[in-house]
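Undergrad: The residues making up each chain are set out below.
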Amino acid sequence: MSKTPVQFSLNGSPAAVFVDDAQNLLDVLRRGVGDLSPKYGCGQGTCGSCTVLIDGEPHLSCLTLAETVEGRAVETTNGLAEGPQLHALQEAFMENFAAQCGYCTPGMLMAAKALLDRTPRPSREEVIEAISGNICRCTGYEPIIDAILAASGQPTRRTG
Amino acid sequence: MVTITTVETLQDAAANKGQGTAFLGGGTLLMRGVNYGDQNVSRIVRLRQPESLAGVSSEGERVRLGACATMATILKSADVAFLHAVARAVGGPAIRNMATVGGNVFAPHPYGDFAVALLALDAKLRMSDGSELELERLLAARETETRLIESVSAMRPAGDDFRFLKVTRVKPRGASVLSIAAWLPRRAGRISGARVAFGAMAPTPVRTPAVEAALEGVSLDQNGIDRALQSVANDLNPPDDSLASGWYRKEVAPVHLKRLLLGQGTR
Amino acid sequence: MTVHKGRGFACINYPIGMNLGGDPSQALVHSTPDGKFMVSLSSIDLGQGMKSVTRQIAAETLGVPVSDVYVDTADSDTGPHCMGSFASRGTHRVGNAVIRAATEARKALLEAAAEELEVNASDLDTDGQGNIHVKGAPSRTITVADTAIAAQFKQGRTLSGRGIFLIPPSDVDPDTGEMTPVSCFAHAALVVDLEVDDETGEVTVREINSAYEVGRALNPRLVEQQLIGGAWMGVSHALYETTEPYYPDRSHAPTDFNAYLMPGPGEVVDHNIAVLERPAEDAPFGGKGPGEMCANPVLPAIANAVYNAVGVRCDTLPITPEKVLRRLIANGGARPQGVR
Amino acid sequence: MSSVEFRKDLFNDERDDNLQEIGKPTRRQDILGHVTGRSPYYDDHLFDGLLHMRCVRSPHHHARIRSIDTGMAERMPGVIRVVLARDVPNNLNTLLSLINFGKDEEKLIQDTKVAYIGEPVAAIIAETDRQARDACAAVKVDYEVLNHVLDPEEALSSDAPVVNEIYPNNTFDYHDLYDHQKLRFGDVEKGFAEADHIVEGEYQMSPIEQAPIETCGAIAAPETNDRYVCYTSTQALFFSLGTTAKLLNMASSRLHFIGGTVGGGFGGKVDSIVEPLSVLGAVLTGRPVKFMWDRTEEMQVGAPRGAERWRIKDGVARDGRILARAFTGFFDAGAYTRLSSYAIIKCSAHLPGPYTIPNVASNVFCVFTNRTPATAMRGFGITGVDFAIECHMDKVAETVGLNPIELRILNAYRDGDMKPHRRLAKNTALIECCQVAAQKSGWSIGADATRQSSLLGGGGARAEIPETVTDSAGRIGERRRAPVPTAPGEGAASKGHVRAGTQGIPIVAAAPQDEDMVIDPARTGYRGPSSTPTRIPDAAMTPDHSLQPAAAAAAPPPASRPGPVAPPSSSQYQQAKPPPPAAQMAPEPPAAQPPAVPQQPASQPYKPEKPFSRGVNRPGVSRFLSGSRRR
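Chains as they are written, first to last, in the numbering used here: chain A, 53 to 212; chain B, 247 to 513; chain C, 9 to 348; chain D, 367 to 997.
Simulated from the structure, these hints should not be mistaken for lab results.
Hints may be right or wrong, so weigh each one.
[To be verified] With a Cα cut of at most 30 Å, we get these calculated DSSO-like pairs of lysine-lysine:
| no. | chain 1 | residue 1 | chain 2 | residue 2 |
| --- | --- | --- | --- | --- |
| 1 | D | 761 | C | 13 |
| 2 | C | 331 | B | 496 |
| 3 | B | 504 | C | 331 |
| 4 | B | 496 | C | 13 |
| 5 | D | 390 | C | 44 |
| 6 | B | 504 | A | 55 |
| 7 | C | 162 | C | 44 |
Turn these sequences into a full structure, and let the hints steer you where they fit.
TA: Have a look at this one:
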């Protein structure tokens, strides 16, 4: 088995790691770099819990060949907060009780961040579309949709 | 165990193909297999710069899509606005940032909805050896195809001549119960030279010749399409899978074709 | 295409706690020297909110603010035995164990404060804000923090408590089925409004109006989480889910989330919930576990609504478009049963 | 958009709503960890030199294992260890042996016969997950394919293949006596004979996957003190610890289990498969070993909520009173028991649903078939039969021409009613839920249904235990010799009778061991059951369908012996006053009366002849519950 060096930016900081052949980005982030925020839910690209941003766009890290992120910028939930200052999405997820078991939450947050970065005031339909590749088994989605709308400063059932 | 070979050109990639070798497009299908220990893949060949084959451009009455263009690429291109609804029907946003046009052509049942649209739009493939190939011919023998796709050219339909729908159980995004793409060129309100393709109704996307024939010269109204709807069953023998049985697919295919042709939408 | 509206009803009760008892849970509570309290458990939080609800139960029982309590759970070396998080037993069994442990710790707390204030412990009360005062004389007061410091460094007392809750095992009579199962019941009733497409058999749930009786909503937002998410799962069970789509045939078994179907975020059903609270005597502060029962009434209510809409009885789950369509064809088309 | 309202006006005299922390919408203690991605799930613990385990699984429904050739796999790159059945020290278990229920019957790794697709026959431990997968693919297993059975009723036929050799009749043995669990209350045949209508139905639920987003898994590693630590996704820490101790024949004190932050469970993380395998891996290799199911395993090898088939037969009076209800139920357990046997006990106690029906009988079978074993899921033992019952209630309503909600209220159980498992109902609220749901949805119900209350009309004759007809049909093994009908009472060679009022001793919670642990009742917020019915203030009303005589008559005929509880009189039920506005309702003083405890009949307390623990290999308290193994 050969090891391939890969350098990329992780949440704005340089990361360098040797990856095994055919190792996926999720495994490299978690075990190689130690960023445990993206989660393994299927390894098939069907649950979304491993969602990260690559060059600002959501990708499924379990389906991303690790060495293809050479020179690119990867963002994870671990980098959402700025120091102690939580991201508006994180605050809104807390406020709206948008997590139960919490396992899908990092993927949901990254899918939502990709949306809000492009579309600061999305419609409800745009929010639904943005998380349509992410599965939540606990909440029934509504609190998550509400939280993302709330993070964009829009009224929700509770605030509006 | 799987090894990775990184090459500069598609021709290099094709030259490296062989037993146990797979070409990495978007990775949405290949990497899944790798993760699950697919013993048929022992080597992955990938392009160092797949962006070089990701262009979208106009060529007269046709458009050309690079094989490595992703669904997200399609969605960003105003040149191919008629394909936006199709690209949006593939996966969620993360999948669309990864899944490629070329990969979709090889996607197994029930995937490959983009290829359904390409099939209806008379797609021709430019292969890694420089040859041209009709999509329909490749689909008929894709299990044994060793060449790689470089780009796809498809007709640019006029007005609302192109229709697409995808029926999923899960909303807004899910795998196909079936998908239908119809290119319906009209002369004086009458259809001429229709191409109608179905997805998830056979092992690969397929055209429905009897439906196409029945649409010839008719107008897009209930009476006009009646014979086409009755022909659907003759063209299709869909498989059972976990989403729906072949019986169900066959039973509702005319219903959805009717809704597509009459612009009634899906639920 | 004809879309038929249908309305269906169902109501249920649900037994709380492991059937037949024999399922103990323990809790330990101790204070830090500065008057904060740790609750040690081995119970599992799998998203239902075990850590959060036991924290509130401990704070309420101790008479201190919830912010002064933390729950540490599920290290078998430090957390005492718990049977596990299933059978809606968490809130009931673990909650009761925490009450007992926190009650014993509270007694130690008040005794330590009594020594400092030179009064009888029975004359003391907590204000829930971190203070202990003499009943009827709010100015004679000491903070929980000062009490804890005094207990630890001056009096040599621990402010700690042990708790266990057990309903001993019950037998079952083989001939009559006599047994003592569970101790209390949660209740629910709901009305589902949906639409059925009579050409495709597709069912779209539009609205749910429900009443759930949960004993006491120990944390109303956690209850809401369970009820909204649970009803979603009920819709999912009713219309989508199975690992064997052609049961009892084993073919075409789904192996991923593209094939194992559940409603997506585009299918959120408006759900108007009324929460009723009839506290159960032996439940912690009357609270029954709402987590399991919330999906159950949705399944039959949907089946009943489908019948109301198109006259098709789909007695086999899940109610797929295929099953509805087959029955519609057998019936010679939709037979709406009338507006409710 | 959804909405939630808290109907504080209902049952408000039974509660004190002025608690400090209880009832507050406090944020979850774990929410900050969830939104920062820092909540420590089991797989979020990193170990140097972590090894990965994967299983070789049966491709057949049912097959005898002739041989397993692991030679090539052992030589493959990265492979550290091949684990076979012989490596499991005590390779036979049943999950509920921890509460002494059922016989040991399932191997952690199979070596003689596989009974479902996906049953493990070997495990590979390798440096990487992929290497373990590659080695699994290189294991050669020679199978002799056997006939299989997938339908539970076919599995009951005398010539069905034997799925599980410990239970050669393809049914779980209940109480060493019957091949099913019986429930008998009154005489359903009499009830059917008195009925104006017989309503029958059959209902089927297919298997359902719990589908937590975190798959089942565990990481085990040697600790420096000759113990093993195991980080796990289990829903039941000591269940998994005890099961591991038993299978590995290891003192449970040598096991240190850590979990508690779990990515969803829904019942699918009780079965304790990954924990013993990962600990075994750590024992065999001396290194940290992870065993994590992939999604395919989670969906097809992980035990689902099992399929259930139900048949219900109701005898109904023309006014809608259900006079008798009989159930025949089949739980498709798959190849091994796991928790299905227990689900049936729970389910039997639940019958006939939240209704007071004077004659009830059920036979419920735990049947073994050649499919993935079934286990717990949210609504364990209840979801399937509730689907059946509530669909059936609508059929009954249609048969007698009643509003479905009114039919439920008419038959609803109330405080003080006797349930068929022979314990009194208390703290009921079905009627109020029906009324509120009707009101919220704008579904009109009659004035009389609107007036009903769970607090009134129960007890009295409805608290009586009737004379009960029993039978001994379906003894263990009987079905192997000749067909036996499955419905209650049918095919019984002889009928027995249990006299009216026969009741055993209810089990109550163990008393606190120390009075210091007893919370001051004034601080619990519980005021005791009210004697005043709670009212739905503005329920939609339609012309009266006159439920009154029907409901009153629903009570079984009074027995010669007085009921154990002094209930509200039935006239109170009929003459209930119109509802006062809730806001003006004066709170009742805390009820001083103790909760309803049934008095024992004058005769000797009834003791079940055959206790629950029969049919168990090792009676008594499980040796694994004590924390150390006694030899």
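Undergrad: Next pair to validate is residue 331(C) with residue 496(B); report whether the Cα-Cα distance is within 30 Å.
TA: holds (14 Å)
Undergrad: Given the proposed pairing of residue 504(B) with residue 55(A), does the C-alpha separation stay at or below 30 Å?
TA: Between residue 504(B) and residue 55(A) the Cα gap is close to 55 Å, so the pair fails against 30 Å, i.e. violated.
Undergrad: If you draw a straight line from the CA of residue 504(B) to the CA of residue 331(C), is it 30 Å or shorter?
TA: Answer holds: residue 504(B) to residue 331(C) is near 22 Å, not above 30 Å.
Undergrad: Please verify whether residue 390(D) and residue 44(C) have alpha carbons no more than 30 Å apart.
TA: Given that 30 Å is the threshold and the Cα spacing comes to 20 Å, the pair holds.
Undergrad: Does residue 13(C) sit within 30 Å of residue 761(D), going by the straight-line distance between their CA atoms?
TA: holds (19 Å)
Undergrad: Please work out if residue 162(C) and residue 44(C) have their alpha carbons no farther apart than 30 Å.
TA: It holds: about 18 Å lies between the C-alpha atoms, which stays within 30 Å.
Undergrad: With a cut-off of 30 Å on the C-alpha distance, tell me whether residue 496(B) and residue 13(C) pass.
TA: holds (25 Å)
Comparing the model with each numbered hint stated earlier shows that hint 6 is the single one that does not hold.
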